[in-house]
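Line order of the protein sequences matches chains A and B.
If you want the working numbering, it's the 1-based position in the first sequence plus 33.
If you want the working numbering, it's the 1-based position in the second sequence plus 33.
Put simply, identical chains are the same to the list, so a pair is met inside one copy or across any two.
Listed next, the in silico PhoX-like pairs over lysine-lysine satisfying Cα-Cα at most 25 Å (straight line):
{"hint": "1", "residue 1": "K121", "residue 2": "K55"}
{"hint": "2", "residue 1": "K123", "residue 2": "K156"}
{"hint": "3", "residue 1": "K123", "residue 2": "K105"}
{"hint": "4", "residue 1": "K74", "residue 2": "K63"}
{"hint": "5", "residue 1": "K121", "residue 2": "K63"}
{"hint": "6", "residue 1": "K63", "residue 2": "K123"}
{"hint": "7", "residue 1": "K156", "residue 2": "K116"}
{"hint": "8", "residue 1": "K150", "residue 2": "K50"}
{"hint": "9", "residue 1": "K55", "residue 2": "K123"}
{"hint": "10", "residue 1": "K105", "residue 2": "K74"}
{"hint": "11", "residue 1": "K121", "residue 2": "K150"}
{"hint": "12", "residue 1": "K74", "residue 2": "K153"}
Bear in mind the hints are in silico, worked out from the structure with no lab data behind them.
Residues per chain, in single letters:
Number of protein chains: 2
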Amino acid sequence: MKEIDELIDVINETLRKCPWLKEQTIYSLKGEPLNEAREVKEAIENNDMDNFEEEIGDLIYDALLILAVAEKQGITNYHNVLKRVIEKIKRRKPWVFGDEKVSTAEEAARRWYEIKKEEKNHK
Amino acid sequence: MKEIDELIDVINETLRKCPWLKEQTIYSLKGEPLNEAREVKEAIENNDMDNFEEEIGDLIYDALLILAVAEKQGITNYHNVLKRVIEKIKRRKPWVFGDEKVSTAEEAARRWYEIKKEEKNHK
Numbered sequence: 034m035k036e037i038d039e040l041i042d043v044i045n046e047t048l049r050k051c052p053w054l055k056e057q058t059i060y061s062l063k064g065e066p067l068n069e070a071r072e073v074k075e076a077i078e079n080n081d082m083d084n085f086e087e088e089i090g091d092l093i094y095d096a097l098l099i100l101a102v103a104e105k106q107g108i109t110n111y112h113n114v115l116k117r118v119i120e121k122i123k124r125r126k127p128w129v130f131g132d133e134k135v136s137t138a139e140e141a142a143r144r145w146y147e148i149k150k151e152e153k154n155h156k
Numbered sequence: 034m035k036e037i038d039e040l041i042d043v044i045n046e047t048l049r050k051c052p053w054l055k056e057q058t059i060y061s062l063k064g065e066p067l068n069e070a071r072e073v074k075e076a077i078e079n080n081d082m083d084n085f086e087e088e089i090g091d092l093i094y095d096a097l098l099i100l101a102v103a104e105k106q107g108i109t110n111y112h113n114v115l116k117r118v119i120e121k122i123k124r125r126k127p128w129v130f131g132d133e134k135v136s137t138a139e140e141a142a143r144r145w146y147e148i149k150k151e152e153k154n155h156k
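When you get a sec, could you build the whole thing from the sequences and use the hints?
Next comes the structure, spelled out in structure tokens:
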């Protein structure tokens, strides 16, 4: 997906060259994704799809930005974060990525909750 | 960034094969990014970096998922969303992507607000 690569390049360029962003930490930015996620929800509730298109982009940007800042702080990195979420989705949806069979939405939701609960219990 | 491409593949596979997800719309999913963004903020506030690594991945997943569902509903698409946010960042940070000069974080923040305000006024 070349557009995502371009967005990541833009983020990295901004992190190198913007004096404001150079001073930020994940702590100073911690509320930003929440603000954008709220605007995404409001755009959907208002059925304003032009605004949704803008706000969902802002949310993706803010999530990737805070991850880039975390990477700069040596906390984690893209690879670990994305590997971890991909593995989690695959574990929690064995009817998509494994041999399990489910036939309804309700059954899928129920199995997802069961697997999630089992994982939390084994932590 | 091959991990992002893999995550997008996983999302598309899930959209095709998970009976629960097949029934979802951006409306039914509208609160999900907000929940994840709240968990990202809490992880940072609790200084729980293992949890941050998990929650920031969940947030990126949820943001990309809701965009994939929007795309399926014919509302918008990755290309338009990412192009739009990239252009916005470039317009609003001319000291990174243009000829403008700023020397402090405060000046950068002030110029960013000014450009944002001008854009809103011209809408």
